[in-house]
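Protein chains: 2
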Amino acid sequence: MDLEKFYNHIDQNQDLYVQRLREAVAIPSVSGDASYRNDVFRMGDWLIGIFEELGINYKAEDIGTHELDGQTLKLPKILLGSYGNDPNKKTILVYGHYDVQPALKEDGWGTDPWELVEDSQGRLLGRGSSDDKGPIIGWLNTIEAYQKLELEFPVNLKICFEGMEESGSEGIDDLIVREAKGYFKDVDCVTISDNYWLGTTKPCLTYGLRGISYFKLTISGPGRDLHSGVFGGTVHEPMTDLAHLFSKLVKADGHILIPGIYDDVAKLDETESNTYKTIQFKQQELHDAIDSDNSIHDNEIDTLMHRWRYPTLSLHGIEGAFSAPGAKTVIPAKVIGKFSIRTVPNMDPDKVTQLVTEFLDKEFAKLGSKNKMKLECIHDGKPWVANTDHWNYVAAAKAVEKVYHVKPDLTREGGSIPVTLTFQEALGDKNVLLLPMGRGDDGAHSINEKLDRSNYINGIKLFGTYLHEVAHIKTE
Amino acid sequence: MDLEKFYNHIDQNQDLYVQRLREAVAIPSVSGDASYRNDVFRMGDWLIGIFEELGINYKAEDIGTHELDGQTLKLPKILLGSYGNDPNKKTILVYGHYDVQPALKEDGWGTDPWELVEDSQGRLLGRGSSDDKGPIIGWLNTIEAYQKLELEFPVNLKICFEGMEESGSEGIDDLIVREAKGYFKDVDCVTISDNYWLGTTKPCLTYGLRGISYFKLTISGPGRDLHSGVFGGTVHEPMTDLAHLFSKLVKADGHILIPGIYDDVAKLDETESNTYKTIQFKQQELHDAIDSDNSIHDNEIDTLMHRWRYPTLSLHGIEGAFSAPGAKTVIPAKVIGKFSIRTVPNMDPDKVTQLVTEFLDKEFAKLGSKNKMKLECIHDGKPWVANTDHWNYVAAAKAVEKVYHVKPDLTREGGSIPVTLTFQEALGDKNVLLLPMGRGDDGAHSINEKLDRSNYINGIKLFGTYLHEVAHIKTE
Ligand SMILES: [Zn+2]
Ligand SMILES: [Zn+2]
Ligand SMILES: [Zn+2]
Ligand SMILES: [Zn+2]
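Chains A and B, in that order, give the protein sequences.
Under the numbering used here, residues 863 to 1338 are what the first sequence spells out, in order.
Under the numbering used here, residues 863 to 1338 are what the second sequence spells out, in order.
Think of the hints as simulated: they come from the structure by calculation, not from any bench.
One or more hints might be untrue.
To be verified - Derived lysine to any residue pairs resembling SDA-like cross-links, with alpha carbons at most 20 Å apart: (1) A:Lys1244 - A:Asp1036; (2) A:Lys1196 - B:Ala1151; (3) A:Lys1336 - A:Asn1249; (4) A:Lys1196 - A:Lys1336; (5) A:Lys1232 - B:Asp1150; (6) B:Lys1236 - A:Asp1155; (7) A:Lys1234 - A:Thr1215; (8) A:Lys1236 - A:Thr1219; (9) A:Lys1232 - B:Glu1147; (10) A:Lys1190 - B:Lys1129; (11) A:Lys1260 - A:Asn1249; (12) A:Lys1113 - B:Thr1080; (13) A:Lys1232 - B:Glu1162; (14) A:Lys1190 - B:Leu930; (15) A:Lys1264 - A:Ser1316; (16) B:Lys1213 - B:Lys1224; (17) A:Lys1232 - B:Asp1155; (18) A:Lys1064 - A:Lys1234.
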């Protein structure tokens, strides 16, 4: 395949691709707001229109209803696509989502969030431009480019585009499990384009995500809220107990104080250690992102390791205490502390819950309080890490080198994308690759979300090249 | 004066007095809700009607406007009354308030809160029955009883009834200071009937109130709220710092950990110690009140001393952290911890602020956090304690013995009634007495507020007897 010709075609058709993204951004497919539900359906239909144009076989899976804003609503359809069915080709599953975060001009957008506007620096501004309409349309543009150039499509492509990602991906886990031996039967590996470069200049492949264990720590005492004037000094106050327990969990420098919590953290080996040395990242980028210079670590590698490969514990807040502005002299009767631990390989959620429970039981007993303590893990998800020696990563790295003329950084993310692990596990331990299109400053969930034109156009080239490399790589 | 005859008259007219209270309760004079402001004015006018019937000179002081619920509202008038002007008599100032707490049947009231209903146990149920309409009408009923019996009124009575007590007593401090040498010029002492017996069976005189110093402890770090997945482990989290500082302030058993905070607490002398020995109070009453058995102390005296004569520190809550139900993985950028110290004689608010500031500065420095800490005392009030050897208390004690045939308990309260100290200080260190009419279980700010018929009727007798005793007591 003549990649130069492929790239030229994409460059020459870039305005068409931008126009396609403009049409998609104009559909405000906000999944988290009942009043936009019809637009989410419109967005699904718009994609189906392109599927049909391109001759992609598809089924639009009806996954039932849910409750939102006091209404029973139909869930957006999950679009399953299938392009090509050659037993001699590899089968690649690509995932993305066509719903978006809410956006209001009044939130501080410089432009109408539902109109794609290109600024003088070639930034395509609009809600969903980068998360995740640019990438999903990117895959479709790639197919079209192969067609227009009358090139043989290098793989069998399976597509899974959902419309509820920004609202908890309702229904997708069940569907993936259900279709593992059906629609997704022959999948060799999975590629997800729904994250971002670490910074703004260097492409990356993302091979790890942290897990999470989210806890509710309830302390209850009096039967009702009390007046601190009347009862202060005579009753065990739940807030006092909670403050003491919170302070035992984590030090000001972020070190978790729960005994045993670091025991299962994967040891840093030389291979992994080396990946950090070349990563393009500056402390200043962290400071810009947090709009402050209160970073814990003074160097890039420690910062990235604590974001990606070490567990952390954050205290999120307290339910039931006085939280409004002003002054109120209440002794809250029952307070619910919320905290979570970001977990990393090879931590196990059940063991994490056990360690936290044992520790807090012991610390609460030390307080000698007559209040009652209850700890619940209300949600957990395992960490994920992929084998970057797999041909899927090797092919993607080659593609990045061809399009961007640079070896990609190997990055992880500190947060979770639960569907990643679902795909890996449901499909029988298939390799999953996160292949970002946009940059770290795209502002996915913020105002003024954008996708740089160069990232969009080069992303289309990257996807096409990646599929080409996948087809030709030795898999032994 | 023939007290038996006076008491008989009051007993015979009790239905009239209850009817009067019924009329007052029917006026929903809620000061804290703009939509009831007209009723607060109606309540003031209703009282003026009685002032005129009884020949009480008065002025209804217009104290301007304020902002409430987004509206500019006229403040309820402060009613100043003057009954008698004999230079040979003592002049007693009585204070009370004619506004009430909000009440909705839906809150759980068994009856319509704005209709006085007497149950089978002689409890007069209705909002404001005990707080504070029963007591203020009690004073007026007393005057009427003297008139009907053609008895010489024993003192010159000054009256100060406000309509904003439940909403911060707006405007009253200024008025008291302004009238100290005017309307209140000849006042010998002050009596406030706006609190309650400690329990349900034994009358008391109240001679002390705790002060309060309310603090806002702000910790700020990142420029905006952050996602704990992306930034957990790389930035100093304000919640972590706040949890550590909160835990340094107070132990689970209520002991305050701020060095020096107990230094100025008045030593317990034998006289005071003795007052506790006879006080009618059972731990069970505390447990009933808090609807739990999580009391810190195992005996009545320690419980009362920690409510009345020792400082306490309560953690009220946190502004800016995640406080809603559910799970959110936020790192709050700025959190504001709210806590207050209930202060006692002879603690000084300025010194309290200084001690708290020095301690928290030192503890925050120990954390080694790059966040910023700011401590503000947003409101303080001094503790108050009266000399119970004063003739005002002696006269009141004699009156209690005559009406109830028991020596009153000498009690304090753990909370504050700021106007108490204002009267004492503005009038030139005049003795102030708190002379409660209702019982400890009246539920002043709760649903099903009530005043027992016997407390109401005996309260009228008590007020009349008290004024009689005041007139005859040696004051040297
Ligand atoms: Zn996304
Ligand atoms: Zn998103
Ligand atoms: Zn009151
Ligand atoms: Zn009140």
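Hints versus structure:
For a cut-off of 20 Å, the pair hint linking A:Lys1244 to A:Asp1036 stands: about 18 Å separates their Cα positions. About 16 Å separates the Cα atoms of A:Lys1196 and B:Ala1151, which keeps this hinted pair within 20 Å; it holds. The hinted pair formed by A:Lys1336 and A:Asn1249 meets the criterion: a straight-line CA distance of about 16 Å does not exceed 20 Å. Between A:Lys1196 and A:Lys1336, the direct Cα distance comes to roughly 61 Å. Violation of the 20 Å bound is thereby established for this hinted pair.
For the hint linking A:Lys1232 to B:Asp1150, the alpha-carbon distance of about 16 Å falls within 20 Å, and the restraint holds. A hinted pair counts as satisfied when its Cα atoms are at most 20 Å apart, and B:Lys1236 with A:Asp1155 qualifies at roughly 18 Å. For a cut-off of 20 Å, the pair hint linking A:Lys1234 to A:Thr1215 stands: about 19 Å separates their Cα positions. This hinted pair checks out: A:Lys1236 and A:Thr1219 have alpha carbons roughly 9 Å apart, not beyond 20 Å.
A distance of roughly 18 Å separates the Cα atoms of A:Lys1232 and B:Glu1147; the hinted pair therefore holds under the 20 Å criterion. In summary, the hint linking A:Lys1190 to B:Lys1129 is not supported, as the alpha carbons are separated by about 30 Å, beyond the 20 Å threshold. Pair hint A:Lys1260 plus A:Asn1249 holds up; C-alpha atoms about 16 Å apart against a cutoff of 20 Å. Only pairs whose Cα atoms come within 20 Å are accepted, and A:Lys1113 paired with B:Thr1080 is accepted, the gap being roughly 18 Å.
Annotation: proposed proximity of A:Lys1232 to B:Glu1162 holds, straight-line Cα distance about 17 Å (limit 20 Å). For the suggested pair A:Lys1190 and B:Leu930, the alpha carbons sit about 18 Å apart, so the restraint of at most 20 Å is met. About 15 Å separates the Cα atoms of A:Lys1264 and A:Ser1316, which keeps this hinted pair within 20 Å; it holds. Distance restraint check for B:Lys1213 and B:Lys1224: the Cα-Cα separation of roughly 17 Å lies within the 20 Å cut-off, and the hinted pair is therefore satisfied.
Taking the CA atoms of A:Lys1232 and B:Asp1155, the gap is near 8 Å; set against the 20 Å cutoff, the hint holds. Proximity of A:Lys1064 to A:Lys1234 is assessed by CA-CA distance (about 52 Å); at most 20 Å being required, the pair is judged violated.
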